[in-house]
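Undergrad: From first to last, the protein sequence lines stand for chains S and H.
Using this note's numbering, you'd call the opening residue of the first sequence number 1 and step up by one each time.
Using this note's numbering, you'd call the opening residue of the second sequence number 1001 and step up by one each time.
Simulated from the structure, these hints should not be mistaken for laboratory data.
A few of these clues could be false.
What the hints assert, rightly or not - Quick list of in silico lysine-lysine cross-link-like pairs, DSBU-like style, CA-CA up to 30 Å:
id: 1; chain 1: S; residue 1: K178; chain 2: H; residue 2: K1275
id: 2; chain 1: H; residue 1: K1196; chain 2: H; residue 2: K1178
id: 3; chain 1: S; residue 1: K178; chain 2: H; residue 2: K1028
id: 4; chain 1: H; residue 1: K1280; chain 2: S; residue 2: K280
id: 5; chain 1: S; residue 1: K15; chain 2: S; residue 2: K178
id: 6; chain 1: H; residue 1: K1028; chain 2: H; residue 2: K1002
id: 7; chain 1: S; residue 1: K226; chain 2: S; residue 2: K178
id: 8; chain 1: H; residue 1: K1024; chain 2: S; residue 2: K280
id: 9; chain 1: H; residue 1: K1028; chain 2: S; residue 2: K280
id: 10; chain 1: H; residue 1: K1226; chain 2: H; residue 2: K1197
id: 11; chain 1: S; residue 1: K196; chain 2: S; residue 2: K178
id: 12; chain 1: H; residue 1: K1217; chain 2: S; residue 2: K196
id: 13; chain 1: S; residue 1: K217; chain 2: S; residue 2: K197
id: 14; chain 1: S; residue 1: K178; chain 2: H; residue 2: K1002
id: 15; chain 1: H; residue 1: K1275; chain 2: H; residue 2: K1226
id: 16; chain 1: S; residue 1: K197; chain 2: H; residue 2: K1280
id: 17; chain 1: S; residue 1: K197; chain 2: H; residue 2: K1028
id: 18; chain 1: H; residue 1: K1280; chain 2: S; residue 2: K178
id: 19; chain 1: H; residue 1: K1226; chain 2: H; residue 2: K1178
id: 20; chain 1: H; residue 1: K1178; chain 2: S; residue 2: K280
id: 21; chain 1: H; residue 1: K1028; chain 2: S; residue 2: K275
Treat the numbers as computed from the prediction; the structure is a model and nothing was measured.
Here's the letter readout for the chains.
Protein chains: 2
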Amino acid sequence: MKYGFGVDIGGTTVKIAFFDLDGKLLSKWEIPTVIENGGCRILPDIAASILQYIRENNCKQEDVIGIGVGVPGPVDDGGTVNCCHNLNWGVFNIHAALGELTGLPVKAGNDANVAALGEAWKGGANGCENMVLATFGTGVGGGIVINGQPVNGVHGAAGEIGHLTVNRYEQEPCTCGKYGCVEQYCSATGVVRLAKKHLALRDRESVLREQTPLTCKAVFDAANQKDALAMEILEQVYDYMGQFLASVCCVTDPEVVVLGGGVSRAGQPLLDGAKRYFDKYIFHASSTIRFALASLGNDAGAYGAFKLILTQYQNG
Amino acid sequence: MKYGFGVDIGGTTVKIAFFDLDGKLLSKWEIPTVIENGGCRILPDIAASILQYIRENNCKQEDVIGIGVGVPGPVDDGGTVNCCHNLNWGVFNIHAALGELTGLPVKAGNDANVAALGEAWKGGANGCENMVLATFGTGVGGGIVINGQPVNGVHGAAGEIGHLTVNRYEQEPCTCGKYGCVEQYCSATGVVRLAKKHLALRDRESVLREQTPLTCKAVFDAANQKDALAMEILEQVYDYMGQFLASVCCVTDPEVVVLGGGVSRAGQPLLDGAKRYFDKYIFHASSTIRFALASLGNDAGAYGAFKLILTQYQNG
């Protein structure tokens, strides 16, 4: 039997998972991300944790195909990390650095693209090789997979779809300084922003008027309880979401759109709502694109990271 | 020396070009596209023309690496054409069909994607392997190239970017039935539509008031002559164009955007105008994306078609 590791480096913890070559997750754990001193401990800590795991589980090093890594910043195909601000990393080659520390092959990618690859392979897209992952959390992000490969982009910014303009007439600025980004309407903070606007501008009764602080979850809960104002707010959210996803899909024409992130915990109503408006905005040739919920949660990055190294191993 | 053919099948003519392996166009000609009887003559006519060329020029068949073909409709990677309405074609495998008629390897793709590949390789993008081609003609279309490969999409609709929604508040319908598609503002007909709206709603003097019929070219000419109203109309066109291209680019993060189609004959002012608004809408990580004009004109399809078969030949 052969095995490999998938590593998802976050700003506070590093998730490490151990897989067999069928992609079965056999074991997973976390270590803290020590970002002090230019993040110089991060890779040695990961290497030590992996080598300890191999030793304690009596694996042979030659049965380990390598380590896939998701990094929260731009990484090019050759493994060059280009400034990863939340890890205090500058420019260096992570394939060489982690390879030297472990004696194992390493293949790294951007964390959002790697998560998309995970959902494509073993998650919501269930093996589809052409998909879009859109994550609606505190912000909006995403990743694009074409022919089974994550799309990185020349500047490592492919799939940075949270700041796609969906409303050219917006008056309030986004955190990025632009106006009318999808993040202003479809992130958790965007849903709350829209809800507050509705509550301020309208007289209609709503259970949301009693909520302090008002949360994204409260809006979805109220809509589930048939609160009319909450339902109208979400119609607007779904409208923007559908328009946004149609814009992304006319570029790459995927088989499946996977919705992830905290907002997507709203589940089927969100899926149905976004799809209803997607159908209004999508060019007819792509109208059969399917929608699915992300299913790997916080493990998506580890799955996708392992898939990176698995693909490299299989291609020789 | 080895050679190959690039074939661009259009609704009225088929363009055929003969290349050496460096991509130098050695000869080109056209034959009529006979679409009667389910388009059954089209491939035999192409085959006869190519075989005649090989014979008359004393080429050896073994020195011809094959034929690349651009088809005005969806084609999958295996060569299956899926209904090509303007050729009256149904579903069949063009690799097998044209291969049997010529005894040569065949590789086909969608014409818009193939034109993008041509501009990526030998045209405006000048060898860049990651680019977006946007064509502003009677309609708006495009093609996406990632890592030197045209992106087809699961339904053959990748790069069908003309119906991306740029104005969710538009009241007039697009020809596609949706509202606010980029084609309504940035195609030749879209520019004329916007110009007519400005002329009807405003009192301002303009040389455009004397133009019947009003054309897209007249609007650009008037703006070049510093006609204030024409300049304002084009500012609006560039604004939509910049927003649109920023939306496309946040998905794939290319190195270059190439602008083609009849409207792009306006040249540098159009390039500068679109880029100015692009900078307003693009996510900062992709802000160094370059803009260029398409440079192959009607030959883009033949170049890209030949590049398809060349890549297949080089990959064995």
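Undergrad: Take the hints in turn and mark each one as holding or not.
TA: Going through the hints against the structure:
For the hint pairing K178/S with K1275/H, the CA-to-CA distance comes to about 16 Å; that is within 30 Å, so the pair holds. The suggested pairing of K1196/H with K1178/H holds, with an alpha-carbon distance near 21 Å, which does not exceed 30 Å. The suggested pairing of K178/S with K1028/H is violated, with an alpha-carbon distance near 48 Å, which exceeds 30 Å. Under the criterion of a C-alpha separation no larger than 30 Å, the hint pairing K1280/H with K280/S is consistent with the structure, at around 27 Å.
Restraint check for K15/S and K178/S: the C-alpha separation of about 33 Å exceeds 30 Å, so the hint is violated. Among the hinted pairs, K1028/H with K1002/H is consistent with the structure: their alpha-carbon atoms are about 17 Å apart, no more than 30 Å. For the proposed pair K226/S and K178/S, the alpha carbon gap of about 34 Å is over 30 Å, so the pair is violated. Restraint check: the Cα-Cα separation between K1024/H and K280/S comes to about 45 Å, which exceeds 30 Å; the hinted pair is violated.
For the hint linking K1028/H to K280/S, the alpha-carbon distance of about 44 Å lies beyond 30 Å, and the restraint is violated. Between K1226/H and K1197/H the alpha-carbon distance is near 19 Å, which keeps this suggested pair within the 30 Å criterion. For the proposed pair K196/S and K178/S, the alpha carbon gap of about 21 Å is at most 30 Å, so the pair holds. The hinted pair formed by K1217/H and K196/S fails the criterion: a straight-line CA distance of about 47 Å is larger than 30 Å.
For the hint linking K217/S to K197/S, the alpha-carbon distance of about 17 Å falls within 30 Å, and the restraint holds. Pair hint K178/S plus K1002/H does not hold up; C-alpha atoms about 52 Å apart against a cutoff of 30 Å. Among the hinted pairs, K1275/H with K1226/H is consistent with the structure: their alpha-carbon atoms are about 20 Å apart, no more than 30 Å. Between K197/S and K1280/H the CA atoms are separated by roughly 26 Å; this keeps the pair inside 30 Å, and the hint holds.
With a C-alpha separation of about 62 Å, the suggested pairing of K197/S with K1028/H is violated against the 30 Å cut-off. For the hint pairing K1280/H with K178/S, the CA-to-CA distance comes to about 7 Å; that is within 30 Å, so the pair holds. As the CA atoms of K1226/H and K1178/H are separated by approximately 34 Å, the hinted pair breaks the 30 Å bound. A C-alpha spacing of about 8 Å is found between K1178/H and K280/S, which places the hinted pair at or below 30 Å, so the restraint holds.
About 47 Å separates the Cα atoms of K1028/H and K275/S, which puts this hinted pair outside 30 Å; it is violated.
The structure shown violates the earlier hints numbered 3, 5, 7, 8, 9, 12, 14, 17, 19, 21.
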